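S.K.: For the record, the sequence lines run as chains A and B.
Residues 1 to 913 in this note's numbering are what the first sequence lists, from first letter to last.
Residues 1 to 913 in this note's numbering are what the second sequence lists, from first letter to last.
Read the hints as simulated data drawn from the structure, not as lab findings.
Wrong hints could be hidden among the right ones.
Which copy is meant is left open, so a pair is good if it fits within one copy or across any two.
Only pairs whose alpha carbons sit at most 30 Å apart, straight line, appear in this in silico DSBU-like list of lysine-lysine [unchecked claim]:
(1) Lys60 <-> Lys743
(2) Lys383 <-> Lys368
(3) Lys682 <-> Lys509
(4) Lys824 <-> Lys620
(5) Lys422 <-> Lys631
Computed from a prediction, not measured in an experiment: that's the story for all the values here.
Number of protein chains: 2
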Amino acid sequence: MKYVYKFGGGKAEGKESMKNLLGGKGANLAEMAGHPSLRLPVPPGFTITTDVCTHYWQHKRTYPKGLRETVAANMKIVEKLAEKGFGDPSNPLLVSVRSGARKSMPGMMETILNVGLTEKTIPGLVAKTGNERFVYDAYRRLIMMYADVVMEKAAGVEAEEDMGIRRQLDRLMGEAKEKRGAKQDTDLSADDLKKLCVLFKERVQQVLGKPFPDEPMEQLWGSIGAVFASWMGKRAVSYRRIEGIPEEWGTAVTVQTMVFGNMGDDSATGVAFTRNPGTGDHRFYGEFLVNAQGEDVVAGIRTPQPINENSRTEQSQEAKSLEQLMPAVYKELHSIRDRLEKHYRDMLDLEFTIEHGRLYMLQCRVGKRNGPAAVRIALDMVKERLIKAPEAVMRVTPAQLDELLHPIVDPAAESTHKPVAKGLPAGPGGAKGMVVFNAQDAVAWAKAGKQVILVREETNPEDIEGMRAAQAILTARGGMTSHAALVARGWGKCCVVGCGALDIDTTKKRVAVDGITLAEGDWLTLNGSRGLVYAGSLPMRDADEGSEQLRDFLAMCNKLRKLKVRANADTPEDAARARAFGAEGIGLFRIEHMFYGKGSAVPLFFLRKMIVSKTLEERKRALAELYPHMKADIKATLQAMKGLPVTIRTIDPPLHEFVPHEAEKLAELAKSLDISLEDLEKRAAALRESNPMMGHRGVRLGVTYPEVTEMQVRAIFDATAELLKEGVKAFPEIMIPVVCNEKELDDQFAIVSQIHKEVLAEKGMRTLPHLVGTMIEIPRACLVSGRLAGVAQFFSFGTNDLTQMTFGFSRDDTGSFLGDYLNKNLLPGDPFQSIDQDGVGELMKISVERGRKVRKDLKIGICGEHGGEPVSVGFCHSLGFSYVSCSPFRVPIAILAAAQSAVKDSKGKKAKK
Amino acid sequence: MKYVYKFGGGKAEGKESMKNLLGGKGANLAEMAGHPSLRLPVPPGFTITTDVCTHYWQHKRTYPKGLRETVAANMKIVEKLAEKGFGDPSNPLLVSVRSGARKSMPGMMETILNVGLTEKTIPGLVAKTGNERFVYDAYRRLIMMYADVVMEKAAGVEAEEDMGIRRQLDRLMGEAKEKRGAKQDTDLSADDLKKLCVLFKERVQQVLGKPFPDEPMEQLWGSIGAVFASWMGKRAVSYRRIEGIPEEWGTAVTVQTMVFGNMGDDSATGVAFTRNPGTGDHRFYGEFLVNAQGEDVVAGIRTPQPINENSRTEQSQEAKSLEQLMPAVYKELHSIRDRLEKHYRDMLDLEFTIEHGRLYMLQCRVGKRNGPAAVRIALDMVKERLIKAPEAVMRVTPAQLDELLHPIVDPAAESTHKPVAKGLPAGPGGAKGMVVFNAQDAVAWAKAGKQVILVREETNPEDIEGMRAAQAILTARGGMTSHAALVARGWGKCCVVGCGALDIDTTKKRVAVDGITLAEGDWLTLNGSRGLVYAGSLPMRDADEGSEQLRDFLAMCNKLRKLKVRANADTPEDAARARAFGAEGIGLFRIEHMFYGKGSAVPLFFLRKMIVSKTLEERKRALAELYPHMKADIKATLQAMKGLPVTIRTIDPPLHEFVPHEAEKLAELAKSLDISLEDLEKRAAALRESNPMMGHRGVRLGVTYPEVTEMQVRAIFDATAELLKEGVKAFPEIMIPVVCNEKELDDQFAIVSQIHKEVLAEKGMRTLPHLVGTMIEIPRACLVSGRLAGVAQFFSFGTNDLTQMTFGFSRDDTGSFLGDYLNKNLLPGDPFQSIDQDGVGELMKISVERGRKVRKDLKIGICGEHGGEPVSVGFCHSLGFSYVSCSPFRVPIAILAAAQSAVKDSKGKKAKK
């Protein structure tokens, strides 16, 4: 087994595709150093493989046999290439020892620099560099890092709070600066640093009971061991858990010749992107510092200089660019940039150092970019023929695409502000506004032209107007599918829910959080994509939803995908927006949504009358009053979709949800029904249920009150018939929810067919195009899908409810335990966010198989919240769904996810061949 | 195809095994008449097959070709055997035309007697019988039946209410009697009847527009058609729906020579059972009337006489027996009884008629019997070597066995009282008592020595003491698995729930129902096996639960069954009862049940403290106080089971269920926690959930509060260790409920294993016998059963919850729609009563398959309410379960059902060979 891969001098044993073995950093260094078309100036070094890490942890922190010898042999080669000697007093070689995992784990593992500096090698380096201060600065850095990382952490020494060696050395350095009246580290002289190094070593001996090692090889092995040890460090373990990185991957260790950008004014160090990571602009972009080390760039003490004109920022208006200062080096760097992009066919993030006018490449990896940049780079690279459409589609993550669809908090501003609270990311994008505490205030303030954020314990349907008027909604309770979350997501509105840290006092109109108290009118900024709450007003960035880039990108996706994408829309406006985003139909029109929001007062009143009716006659009267409103509502939406299918779900929620809570509305209702308030309250109380989610709802309402189904179906067919007569295409798909049994469908479809006949006769028409189908949201429905498919022409999975019943998790009540489940890693994630493929998905699979067995052309869709979640979309694709349906603002995401699924499929097929 | 099967004269074309073709009646007549070892005196006749019925309905109510000729030919044969002529004026043959389905449908179809009586044949019959009154009485009966059944009903004439021909003729007869001053029909003279017949025929012509037919053949075909027509009559159709009899079975028609028991004192008619159907006593039992027709026996106008001494009742003390009156005929009848029993190897129900001293057998079928009789006959017939054990076990239905286990309302009394209301049969047997309206009154009155029935809107855990004190519980709301039902069934206590007709006023302490009002203290009688409510105090019959018969019968079952039977028991008393009934372990010990009922006040208080604790410290303090109570409770039950396995379920219900409702108890709790009442109410409110059934319960409590699991496991192991040290065997099985995911089990089993280690160390023991397992009650758990079986040593299906989640039916809320579902036939039955095999059962199948694939010896049981329901027990047997567990009083039922399943299995296997 080969444990060590060397690189340098225009050759390398490794390559980029060996990331699993060499880690990202090692593999890319090898690629840059050794690939025939690159052979870039990379300081020589070698990488110890991840296999050694695995061995190390499986064998009580020991190394495979022969490793020491192999490392020693490789050090010899490095010495030769660097033309220096490790421990050579006159011409010493210093090396860095760095971690490198298969997947980047920024800041989670350890690095030790300047390894090889000892009492013996210091004078030689001073002589060679002529810079005593530089050498002692390097030495004190080595002592600080080594004592902390190797001698304390990796050795498992547990220090009391604030008494760790790093903190102690920091304090010593602080005292030295104070003594000197020095403000910055750089104000310390060579002599100061020299003395400090003596103090450091004394303190190390005193605290850790061991001397700081003065043997280069001891330093090297100490550093290698510390990097492997850091793979099991607390931070790394918890990061892996969150990111889902398996423990068995391990880290590699790269040992590399140190080069120094702080050797004087002909030295520099910098980072660059082959294209602008914030816009995608196809120009070289980066910054550097003269006479500095890499960590100085990161630390941000000095303002970096732009590498070229294109990279100038407001802060660097006056600074000279690399192009100006060192034109030859810049030219070389630019040419390397071109070669690397052509080679990697992606935008890259580079690190370079210039030592005495000589350029070295220290790192290269695929560069992080924001959403707009990702889209633009993908499109540009297709035009440049670097990549083809399928690859371009894979280059943009759904989260990046989402950035284009909503205004967001300016990332720069967000990076410098600390959130006061964190909740669940329930509605996308960012928003800011003045705090209000009830729906009426939200409406009134918004009318007065103010931006407001509605802050509530939790919301209910009576808050709808206020929610609509607000820029965003923030609640203290509720989960990802709570009322606020569902409504906000449907509107594409920013929303943070379940923010338990809020202590809201609605009567006094104030909220306390994180030690501060906000009163009505105070500003708040929300990041709904990450669930963050900021006090005050942060700058925002506009959405790109109408941009040409987005349109082109989605067009590219559309050509590739097989899965159709529909939107969940309840109003003609939503329907129009959905069409604009490319929706190919409406997958869920919730008939009851006409009872929420704008213009709902009148129909809601009739609905309430219907609900509390006690006799068939009372109910029929209320239904007749309701009918024209319902017909108009349906007609407008069918019209907006111009013949694209519109799946209309018959009334679904438990009726009690609609019973008013306010005394005034109750009184009005009682009056109109000509019954006493007491009587009305009795009727309302009778509707209450122990577990309404599993109560009298959906098809069960249709079974017990056939006249309610009749009225709805009548409204659908009348609307369709009128449109057709007016020359407008219309195609309703009637969907029955909460079905567990084919006989329920027989019962309801008999009504549909009867009303269909009646409407045809009345209007003198031959047929009205339509489909009848069912929602699959009850576990039993999945099991008896064969029988359901015998009568239903389509299935649409309601994965919210299906998830509830399959887990026995009431989505309104998971708040009390889901956090613990996620913390303890008992669940891989919130199943209401991404479909649980092992459980819920298994039922879906059973359902699809049994359904399609009976009806080959069964149309199958999903209309739950998962329909706009990329992983779930991929799962639906893999099950052979006909379409997914999601809220209008998620349509682009679904389109992308569908296209990516199709690309993965064809890759998989190619791989099989 | 043969459509007509004749019998008579010692021969028959049909036989008993041809029931599907000839109906029960026709097949048994053929068997009696024609079987070589019987050849009984059966009046000659023939049966038209059920195939003709099917043809009749499939071909617009017409007959197969050639049927008329075949019937005519068979009539000729009957005439010859009867030595009479059909329509012969001097020696006329009269026949009966009767229905006969494969399965008895008593009173659901039609019968016409005396067919063949016409103007022409009347004088001949008068001359032959010398009894003009008898002949005209027969004639008026024929007209009444024929006009009603053939001319009106079968012809589809729809009469207005109260204007049907039958009612009109009844009124005419009433008028005739009034005119005469006659009290009874028999007070009318021959002349009166003669005149009445004239009036009848006029009225028939007038109302139905057709004359009453005077041709024998016309009468015969009219009657045959009417019987076939009655197969589709409303009553028959609805009866078939309820009983699950398929429409395509059809009815046969039997045409048979009439014999008359009302020909004078040498004539008689009677019914008999070959053994006593009320006790099973192996002696001939029956009653008869001299000079009477069959319908006179049924009508109950004259008191029947006993056929022998053994059949005397209180009413017939003075009457002469058949044995005394006609010793020769009795002897013949007795010998027929002996031969029939030997032939059929079962207790039979016989009908006979004696015409002028000559005995005729008119019917024979397997006799209905009550529970005690069924058990005794089965046991006796094994002793008599008539049948073997497997057959004997099949002879007793679970419902019959159940009769032995509970006191019941005297069936005789029940048959003469009309219930005032009907609810759901939630707890078995019968009970009576004085009405009380709250738990406190129930306890107080019971202490005062009174029998009470607790009447509530619905019950909750705070009613427990009152429920225990009451003879029975009656509620207006709730379903088969409501609190009242669950508790009552657990105790084997009579209970009727969901009796919506009750209008209860608890403040005024009265209940209105069916037009009457009962006040506190008024008597009420309940039949909990049928859900009936009677006003007043009806006589009762004691239970036989301790009888030798039951013991012997269960011993016979035990030898045959493969499925083990356990009991659900929460107290040492329940455990002891379960053992007495033959339970082989406890399948469900609900740890939280120590917080209900007797002696629960102290532990419940600590539990409540634990529940409303806000800090870990508060909770741990409360748990420490709770621990000794829990340990004592568990220890007593383990001890009672003497080493038989006891499955202990960790705490399951949502905690909010335990929060007190009364102000007084809340105040006490607040005081003991040293917090304000307001604060306590806040904490209690925070526990409330939207859908508690799918909320923070079961394993989810254990995950969020590991210390709660720790305390429970500690109590279990400490109790076990103490018993073992005391020399008592103990075997706990620790069961984690509401699991959806193997990681939940990892989490909880880690606690079990930790505590196990601790207890071993403390007690200085090597091992404590125990198993760890899980309840399967969440759909997802079924799907991931493979993974669960990787860690769990046993599964126990909680089919109550599994049914809830699989259907999305909250068992507390189905009341509002389940009735409509059953009425509309959308569901075959209440899935909370018998397992839904298509949905819930499918999940169980998947679970068993996946679980056993991973762990071959996985112990699988059921502990839901279905575990004591016979059909469900059979289903569990078919899935290869290890055991079923049910409430102690259902243990014998489960034992029987398990034995019957095993017998069916081996029959099936034999049939395959």
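S.K.: All the hints need checking, so say for each whether the structure fits it.
M.R.: Status of the hints after comparison with the structure:
no. : hint              : in the structure
1   : Lys60 <-> Lys743  : between (64 Å within a copy, 28 Å between copies)
2   : Lys383 <-> Lys368 : within (21 Å within a copy, 89 Å between copies)
3   : Lys682 <-> Lys509 : between (34 Å within a copy, 20 Å between copies)
4   : Lys824 <-> Lys620 : between (53 Å within a copy, 21 Å between copies)
5   : Lys422 <-> Lys631 : neither (43 Å within a copy, 43 Å between copies)
In the structure shown, a violation is registered for the earlier hint numbered 5 alone.
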